[in-house]
Amino acid sequence: QLQLQESGPGLVKPSETLSLTCSVSGGSISSSSYCWGWIRQPPGKGLEWIGSICYTGSTYYNPSLKSRVTISVATSENQFSLRLTSVTAADTSVYYCAREGYAEYFQHWGQGTLVSVSS
Amino acid sequence: QSVLTQPPSVSGAPGQRVTISCTGSTSNIGAGYDVHWYQQLPGTAPKLLIYAGNNRPSGVPDRFSASKSGTSAYLAITGLQAEDEADYYCQSYDYSLSGSRVFGTGTKVTVL
Chain A
18 QLQLQESGPG LVKPSETLSL TCSVSGGSIS SSSYCWGWIR QPPGKGLEWI GSICYTGSTY
78 YNPSLKSRVT ISVATSENQF SLRLTSVTAA DTSVYYCARE GYAEYFQHWG QGTLVSVSS
Chain B
10 QSVLTQPPSV SGAPGQRVTI SCTGSTSNIG AGYDVHWYQQ LPGTAPKLLI YAGNNRPSGV
70 PDRFSASKSG TSAYLAITGL QAEDEADYYC QSYDYSLSGS RVFGTGTKVT VL
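In the order they appear, the protein sequences are chains A and B.
Oh and the first sequence: position 85 is 102 in the working numbering, straight run, nothing missing.
Oh and the second sequence: position 32 is 41 in the working numbering, straight run, nothing missing.
Source of the hints: derived by calculation from the structure; they are not laboratory data.
All values derive from a computational prediction rather than experimental measurement.
Be careful, since some hints might not be right.
For lysine-lysine, the following DSBU-like pairs were computed, each having C-alpha atoms within a straight-line distance of at most 30 Å [what the hints assert, rightly or not]:
#1 A:Lys62 <-> B:Lys56
#2 B:Lys117 <-> A:Lys62
#3 A:Lys62 <-> B:Lys77
#4 B:Lys77 <-> A:Lys30
#5 B:Lys56 <-> B:Lys117
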C-alpha cells in the first residue's frame, strides 16, 4: 500500500522560502510511469494544484505560482520536495503531496501539513 | 481563480439523489479531457472518488457515478447517506495553462 507523508516547518516568515518534503513508502518513486504532485488548501477554502514532477523529469507548474515554485525528486531517498519562495500570508495553507494516476488524477494523497506564514 | 465552477452547496434528504455540476470550457472539459472527482470529509485529505470518466477505485460504492456533456461534468450520488456529507471537488486538465491540472471550486453536500 503506497503511503505519502509530508514534512517540514509549520511556520515560515514572510518573504522567506517554504520547503516541504514528501516521503514515499510502499513503492519506489523512480519506478513506473507516474507523476508526483503538490496541492494546497487555504483554511476554509478549495484545492489549488501547485505543480507536478513526472518520471521523465519534466515539471509542470501552476502558472499563477510558476515564478516561485520548484519541485524536485531525490530518488535515492524516495522523496520529492517543494520549494516556494517569497511567501506571504496568502500562502498559508494545508499542503498535500500526492501521486498521480495515468490520466493526471491524484490517486494517493498524504495526510497534509499546515504551513502558516507569519512573522 | 479556478477554471472549473461548481455550486457552493447542494443538499438532500437521506435516500435521495443529488447531482453536482462542474462547468469548464473548451480548453479543459470541452476539449475531451477526463474529469475526476474527490470527496473530502471534514479534517481529512481528499480521497479519489471517480477517475477518468466513470471509474471508481476499489471500495467506492456504486451510489457514486459521473457523466460529462459538452463543457460540463456531473457527479451523481444516489441513495444519499449521512456519511456522504462532505466537500466534493472536480478536477481536469487544461491545455491552455501549460500542463495544468485544475480543480473545481468545490461543493458542500449536506444531508438533511
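Hint by hint, which ones does the structure fall short of?
When the structure is compared with the hints, only number 4 turns out to be violated.
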